[in-house]
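Q: One-letter residues, chain by chain:
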Amino acid sequence: MSERKSPYLLSMSGITKSYGGVRALEDVSFETHRGSIHALLGENGAGKSTLIKVLSGVVQPDSGKIEIEGNIVNFANPQEANDLGVSCIFQELSLLPDLTVADNIGITRPPRNKFGLIDYRAQRQIAEEALARVGGENIDPMETVSNLSLSRRQMVEIAKALARNPKILIMDEATSALTAADVEKVYAMLHRLRDEGMSIIYISHRMPEIAELADTCTVYRNGRKVETFKNGTKSDSAVVEMMIGREYSSVYPAKSTRPDVSEPILKVENFSWNDELNDINLEMRPGEIVGLGGLDGQGQKQLQLGLFGTLIGSTGGVEVNGAPVKLNSPKMAKSDDIGIALVPEDRKYEGLMLSMTVRENLSFAAVEKMSRLGVVDTAAEEMAIDEMVELLKIKADGIDGPVGALSGGNQQKVVIGKWLMTKPRIILLNDPTRGIDVGTKQEIYHLLQKLAAEGCAILLYSTDYDELIGCCDRVLVMYDGRIVRTLAGDDLNETNLVSAALNLPEQAVIQPELKKKQGMSL
Amino acid sequence: MSVSVVIARQFDRATVIAFACVIVLLLIGAMVEPAFLSPKYLIQQLHTASFLGVVASGVMLVILLGHIDLSIPWTICVGGMMATGATGFLGPEWGITLAVPFGVLCGALIGLVNGLGVAYLRAPAMIFTLGMNAVAQGLMVYHTGGFAPQDRATEFMRELAVGHLIPGIPNPLLIWIILGAAIIFMLNRSVLGRRIYAVGNQERSVFLSGVDTRKVILACFVFSGACAAMTGVLLAGWANRSYQAMGDPYLLPTIAAIVLGGTNVLGGRGKYVGTIAGVILITILQSMLSVVQPQRYFAQLGVDIPADTFRQVVFGVVIIGMLLIYGRQQLVR
Amino acid sequence: MNVGAEPADLVSRQKHFAWVRRLSAAQRGILIAMLIFTAMFIVYGWKQAAGLTPNMINTAANKGALLALVAMAQTLPVITRGLDLSVGATFVLSNCLASTIVVGGPVATTFGIFGVLLVGLACGAINGVIIVYGRLQPLIATLATSAVYFGVALAIRPQPGGSVNFELADFMTRSSFAIPHSVLLLLAVVVFIWIPYRRSVLGRATFAIGSSEQAAYMSGIPINRAKLLAYALSGLLSAIGGILLTALTYSGAAKMSIANEYTLNSIGAVVIGGTSLFGGVGSAVGSIFGAFVMRTVGDLLIVFDINPVLQPLFVGVVLLVAVSLGSLRVLRIKNRLDIYR
Numbered sequence: 000m001s002e003r004k005s006p007y008l009l010s011m012s013g014i015t016k017s018y019g020g021v022r023a024l025e026d027v028s029f030e031t032h033r034g035s036i037h038a039l040l041g042e043n044g045a046g047k048s049t050l051i052k053v054l055s056g057v058v059q060p061d062s063g064k065i066e067i068e069g070n071i072v073n074f075a076n077p078q079e080a081n082d083l084g085v086s087c088i089f090q091e092l093s094l095l096p097d098l099t100v101a102d103n104i105g106i107t108r109p110p111r112n113k114f115g116l117i118d119y120r121a122q123r124q125i126a127e128e129a130l131a132r133v134g135g136e137n138i139d140p141m142e143t144v145s146n147l148s149l150s151r152r153q154m155v156e157i158a159k160a161l162a163r164n165p166k167i168l169i170m171d172e173a174t175s176a177l178t179a180a181d182v183e184k185v186y187a188m189l190h191r192l193r194d195e196g197m198s199i200i201y202i203s204h205r206m207p208e209i210a211e212l213a214d215t216c217t218v219y220r221n222g223r224k225v226e227t228f229k230n231g232t233k234s235d236s237a238v239v240e241m242m243i244g245r246e247y248s249s250v251y252p253a254k255s256t257r258p259d260v261s262e263p264i265l266k267v268e269n270f271s272w273n274d275e276l277n278d279i280n281l282e283m284r285p286g287e288i289v290g291l292g293g294l295d296g297q298g299q300k301q302l303q304l305g306l307f308g309t310l311i312g313s314t315g316g317v318e319v320n321g322a323p324v325k326l327n328s329p330k331m332a333k334s335d336d337i338g339i340a341l342v343p344e345d346r347k348y349e350g351l352m353l354s355m356t357v358r359e360n361l362s363f364a365a366v367e368k369m370s371r372l373g374v375v376d377t378a379a380e381e382m383a384i385d386e387m388v389e390l391l392k393i394k395a396d397g398i399d400g401p402v403g404a405l406s407g408g409n410q411q412k413v414v415i416g417k418w419l420m421t422k423p424r425i426i427l428l429n430d431p432t433r434g435i436d437v438g439t440k441q442e443i444y445h446l447l448q449k450l451a452a453e454g455c456a457i458l459l460y461s462t463d464y465d466e467l468i469g470c471c472d473r474v475l476v477m478y479d480g481r482i483v484r485t486l487a488g489d490d491l492n493e494t495n496l497v498s499a500a501l502n503l504p505e506q507a508v509i510q511p512e513l514k515k516k517q518g519m520s521l
Numbered sequence: 000m001s002v003s004v005v006i007a008r009q010f011d012r013a014t015v016i017a018f019a020c021v022i023v024l025l026l027i028g029a030m031v032e033p034a035f036l037s038p039k040y041l042i043q044q045l046h047t048a049s050f051l052g053v054v055a056s057g058v059m060l061v062i063l064l065g066h067i068d069l070s071i072p073w074t075i076c077v078g079g080m081m082a083t084g085a086t087g088f089l090g091p092e093w094g095i096t097l098a099v100p101f102g103v104l105c106g107a108l109i110g111l112v113n114g115l116g117v118a119y120l121r122a123p124a125m126i127f128t129l130g131m132n133a134v135a136q137g138l139m140v141y142h143t144g145g146f147a148p149q150d151r152a153t154e155f156m157r158e159l160a161v162g163h164l165i166p167g168i169p170n171p172l173l174i175w176i177i178l179g180a181a182i183i184f185m186l187n188r189s190v191l192g193r194r195i196y197a198v199g200n201q202e203r204s205v206f207l208s209g210v211d212t213r214k215v216i217l218a219c220f221v222f223s224g225a226c227a228a229m230t231g232v233l234l235a236g237w238a239n240r241s242y243q244a245m246g247d248p249y250l251l252p253t254i255a256a257i258v259l260g261g262t263n264v265l266g267g268r269g270k271y272v273g274t275i276a277g278v279i280l281i282t283i284l285q286s287m288l289s290v291v292q293p294q295r296y297f298a299q300l301g302v303d304i305p306a307d308t309f310r311q312v313v314f315g316v317v318i319i320g321m322l323l324i325y326g327r328q329q330l331v332r
Numbered sequence: 000m001n002v003g004a005e006p007a008d009l010v011s012r013q014k015h016f017a018w019v020r021r022l023s024a025a026q027r028g029i030l031i032a033m034l035i036f037t038a039m040f041i042v043y044g045w046k047q048a049a050g051l052t053p054n055m056i057n058t059a060a061n062k063g064a065l066l067a068l069v070a071m072a073q074t075l076p077v078i079t080r081g082l083d084l085s086v087g088a089t090f091v092l093s094n095c096l097a098s099t100i101v102v103g104g105p106v107a108t109t110f111g112i113f114g115v116l117l118v119g120l121a122c123g124a125i126n127g128v129i130i131v132y133g134r135l136q137p138l139i140a141t142l143a144t145s146a147v148y149f150g151v152a153l154a155i156r157p158q159p160g161g162s163v164n165f166e167l168a169d170f171m172t173r174s175s176f177a178i179p180h181s182v183l184l185l186l187a188v189v190v191f192i193w194i195p196y197r198r199s200v201l202g203r204a205t206f207a208i209g210s211s212e213q214a215a216y217m218s219g220i221p222i223n224r225a226k227l228l229a230y231a232l233s234g235l236l237s238a239i240g241g242i243l244l245t246a247l248t249y250s251g252a253a254k255m256s257i258a259n260e261y262t263l264n265s266i267g268a269v270v271i272g273g274t275s276l277f278g279g280v281g282s283a284v285g286s287i288f289g290a291f292v293m294r295t296v297g298d299l300l301i302v303f304d305i306n307p308v309l310q311p312l313f314v315g316v317v318l319l320v321a322v323s324l325g326s327l328r329v330l331r332i333k334n335r336l337d338i339y340r
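Residue numbers (numbering that gives the first Met the number 0), protein chains in the order written: chain A, 0 to 521; chain B, 0 to 332; chain C, 0 to 340.
No wet-lab data here; the hints were simulated from the structure. Check before you lean on any hint, since a few could be wrong.
Said to hold, decoys possible - Mimicking BS3-like on lysine-lysine, the simulated pairs with C-alpha atoms at most 30 angstroms apart in a straight line are:
1) A:422 <-> B:214
2) B:214 <-> A:347
3) A:449 <-> A:394
4) A:229 <-> A:254
5) A:300 <-> B:214
6) C:62 <-> B:214
7) C:333 <-> A:266
8) B:214 <-> A:330
9) B:214 <-> A:368
Full structure from sequences and hints, please.
A: Now the structure itself:
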């Protein structure tokens with residue numbers, strides 16, 4: 000393979016891939032050189048993930064050509080891609096939780112002894128070397144993976160990919176769970192690998208991370224390639240415009256005027272749980288949109304679950320409409336005299352029954368209200384569903400089909416609609432716009448403003464700072480299970496949000512340092 | 000939604016295939032023996048099918064949840080033995096009057112334990128119900144071994160199993176029709192029905208929709224136990240007595256009927272009409288084997304093969320064959 | 000797929016027992032099963048009026064080894080997160096076949112043994128093919144094949160009877176230097192089948208598949224071949240059990256109740272032996288001890304003068320307790336949402 004027909008290490012052209020009628024990739028090309036870090040940018044659903052699945056052999060393209068070092072290749076499965084030097088670190092970890100670290104690193108091509116059996120000693124050595132390469136010397140190769148923290152697991156995942164000595168390393172959101180200390184090690188390692196001649200394809204939603212790492216960037220949108228450019232030649236807003244395909248402004252509707260009610264509908268006092276929530280105090284009035292900010296995993300999810308009655312052994316007081324309540328199940332939280340709704344983190348596994356129809360999903364939480372003696376009043380149900388479909392502009396031709404066939408944005412609308420049908424007074428939302436297109440996002444923002452104007456109290460957790468600034472009346476920033484700062488009015492800006500998220504003292508932030516940290520852990 | 004759409008929706012691909020198989024089997028049978036298509040024979044088949052149909056009704060709900068009930072063989076036995084032996088527990092008077100409800104109640108109790116184990120302890124249903132099957136067996140063996148059991152069916156049980164409340168329709172068939180109609184209504188129109196499908200689909204979502212999924216699971220297991228016991232009561236009435244291991248031949252046909260009727264073994268999908276088709280298909284298949292008697296041909300060749308061999312082998316092969324046609328899982332990707 | 004972290008309290012508690020933590024989950028399972036068995040056997044020996052005679056130990060070992068072999072057979076599919084309800088039927092089929100062909104002189108007997116093992120392997124392989132390439136649920140597939148295998152057993156031996164090479168039978172079931180040969184047979188199976196399997200690439204792949212099939216696929220593991228091998232080996236181990244049964248009874252019998260009993264008890268033994276029903280964790284060695292625990296339950300009933308007809312009841316209760324103990328994590332859960340996954 001020494002003969003070089005092509006200037007590129009990898010070149011893909013004319014790649015097309017559809018999933019059941021939906022075009023994920025349309026005539027896409029991609030090239031990368033030896034010794035480079037190439038970032039792929041684009042919104043969710045832009046086709047990046049499908050492109051790398053094609054490249055790593057997980058899915059097969061409908062048409063198109065892949066050349067590595069000038070030779071045309073076809074991968075029937077991930078193993079074949081591995082064998083030709085393509086290693087991929089996926090977003091969902093591909094580690095085997097019940098096996099040891101060493102077993103995981105050596106899983107694909109383990110060293111064998113003279114009987115053809117796995118040579119555990121050699122495997123352990125290989126694992127130690129691979130871990131040392133990524134800077135994870137302190138990980139015990141004999142530890143079972145399920146005992147490791149998420150950050151450590153991600154290090155193992157990277158070590159596993161490197162142990163195969165790939166020519167092309169694909170990293171799909173592979174650093175999202177790393178702690179700041181591990182991120183430094185991994186960055187250093189990636190620069191070193193690039194200098195050694197490896198070609199790295201890097202996918203991340205964090206602009207600062209890409210700014211620091213990448214040599215070249217390619218932007219995708221709606222399954223097509225938009226542009227390839229050298230890193231640093233475009234401004235952030237120009238890149239974002241390329242990604243969303245329109246001007247990046249006025250996404251957020253004006254905050255509507257709210258009914259002026261002084262009595263809080265929800266009052267939480269000294270709410271604590273299991274070291275993960277510490278002395279939470281908060282008050283919400285009808286018509287308010289309150290944001291929850293902070294780095295991911297600081298207790299925001301737990302706070303919402305606690306208010307929804309799933310946490311056992313929580314302490315502190317919760318009052319709804321002035322009356323103390325002891326929330327001990329979602330069933331109780333949604334009951335008429337409390338009226339709490341939760342749009343959960345994971346719509347597919349927590350919000351929907353994917354193979355049931357859109358109708359059945361929409362009416363599921365409120366179906367008792369539309370039934371007598373346990374028998375559903377189908378006429379009333381149908382009317383309520385149609386009303387909701389209209390309100391949320393859910394694609395109407397699919398409402399008698401399975402909800403799993405809808406796009407992510409429409410699925411999220413169904414989850415929200417399911418809860419609106421219970422006529423809640425307090426709505427908790429966990430990152431409702433994650434992974435959905437800008438158009439639907441905007442519709443959801445409008446809906447939130449409308450609900451607030453009608454007197455709902457909304458507690459919105461979002462990982463997107465712009466969203467918090469654009470939607471919320473005030474934002475509670477959480478750190479390590481506590482609310483560390485409340486931001487409202489002019490104080491509600493990105494600088495303050497980031498510094499509060501890192502629990503830095505107010506006004507004592509150095510800008511460049513800040514940008515980097517934001518990128519690492521949002 | 001029009002009525003025809005509602006009815007059409009009850010017939011999925013598996014149901015249609017199963018019914019088509021029934022017709023093909025009947026036609027083949029009619030070629031060998033013209034009496035196969037006579038109303039008398041067909042009613043007789045439906046009479047036999049209703050024993051299987053009643054037990055399958057309960058198990059189907061459990062499978063829709065994504066669980067399974069492997070305790071049915073000895074729950075059937077418990078139903079039969081406790082109904083016939085009710086006098087030993089309730090005295091001669093009440094024991095005769097309440098024989099049937101007592102038998103069904105005992106089955107429901109087994110279902111209750113299953114439900115508590117699966118729903119509240121979160122034990123794997125496959126193993127927990129298998130264990131309960133052994134416990135039920137132990138209790139019944141002890142019951143018959145401990146003292147001379149009363150194993151004669153009461154007059155009412157006998158009437159229930161072989162009589163005709165409505166001329167032309169045997170009572171078990173009537174029971175199955177009523178039970179089936181109730182289940183179809185429940186699955187399609189009631190809140191509980193929605194929840195059963197939903198739990199089989201994604202229990203986490205159901206819990207987060209403010210539904211106590213454990214009660215749904217418990218209810219289905221109790222119902223399954225009661226249905227199995229009811230079949231036991233009918234079988235005891237039919238044979239005029241109860242006996243050990245009377246439920247053993249029912250495990251495979253029950254699950255086969257449900258799965259052949261298109262119910263997804265992993266839960267969440269399936270129509271009761273499909274289960275009806277599966278039950279009839281299994282019953283006709285069994286009947287065909289006893290009419291055709293393949294062992295005779297082998298006996299003519301000098302090879303002595305028991306009739307049961309053919310039943311078992313044909314059963315196994317048919318189930319696998321039909322599932323290969325339409326019951327395959329999605330590939331993991 | 001969820002690879003959620005262990006509850007924090009569990010991790011911290013493990014730190015106090017550092018040496019226990021060094022053991023893998025499977026090794027801990029073996030240890031617990033071994034301790035339970037030892038405790039039960041001590042009680043059994045102590046309650047025996049005559050004390051433990053070598054003869055009694057030999058008998059106990061033979062009975063235990065029968066179940067142990069079937070339990071080992073069950074272990075492999077369970078590790079892949081499957082289940083094999085046909086182990087009992089394969090065991091009975093092998094018994095019936097062995098009572099027909101493991102007869103005559105040494106040469107004929109040897110061929111007979113190979114024949115039985117081959118048939119067992121084939122039964123397992125058929126299960127594997129149906130599950131892997133037919134993509135059917137293991138539960139349904141093996142329930143259906145168990146009917147077929149039992150039907151074949153019935154055809155081979157419509158009435159109980161047959162015979163077996165006497166020298167072989169005697170050799171398999173007697174003791175040397177107070178060590179029952181059946182225990183040596185188990186040892187041989189562990190050394191020559193289980194350990195090499197465990198250390199082979201396909202063997203480890205079995206654990207990987209049970210741990211997370213999706214991740215196993217992503218890691219480029221030969222999933223189909225590994226599953227096929229697991230089910231085929233399961234059939235082979237059941238067949239070894241069937242030969243031992245023939246040696247113990249000098250005959251073959253196609254009884255559904257035997258098949259059902261062994262299938263049920265094998266699952267109990269696997270659970271007690273520390274193999275996770277959710278796949279990925281387990282050991283055939285644990286299942287051996289699990290099988291001996293199950294068997295000793297029956298023996299204890301006899302020495303404690305409890306009506307032996309209650310045996311299925313106790314076996315059932317042991318199984319229920321074993322699976323319920325595994326479910327005790329429900330009590331430790333602090334977020335109700337964690338129950339549902």
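Q: Each hint: holds or not?
A: For each hint, the structure was consulted:
1. A:422 <-> B:214: holds, 25 angstroms
2. B:214 <-> A:347: Given that 30 angstroms is the threshold and the Cα spacing comes to 23 angstroms, the pair holds.
3. A:449 <-> A:394: holds, 20 angstroms
4. A:229 <-> A:254: Violated. Residue 229 of chain A to residue 254 of chain A sits at ~39 angstroms, over the 30 angstroms cutoff.
5. A:300 <-> B:214: Status holds; Cα separation ~27 angstroms.
6. C:62 <-> B:214: violated, 42 angstroms
7. C:333 <-> A:266: holds, 23 angstroms
8. B:214 <-> A:330: holds, 12 angstroms
9. B:214 <-> A:368: Holds, at about 19 angstroms.
Consistency with the previously given hints fails for numbers 4 and 6, ordered from lowest to highest.
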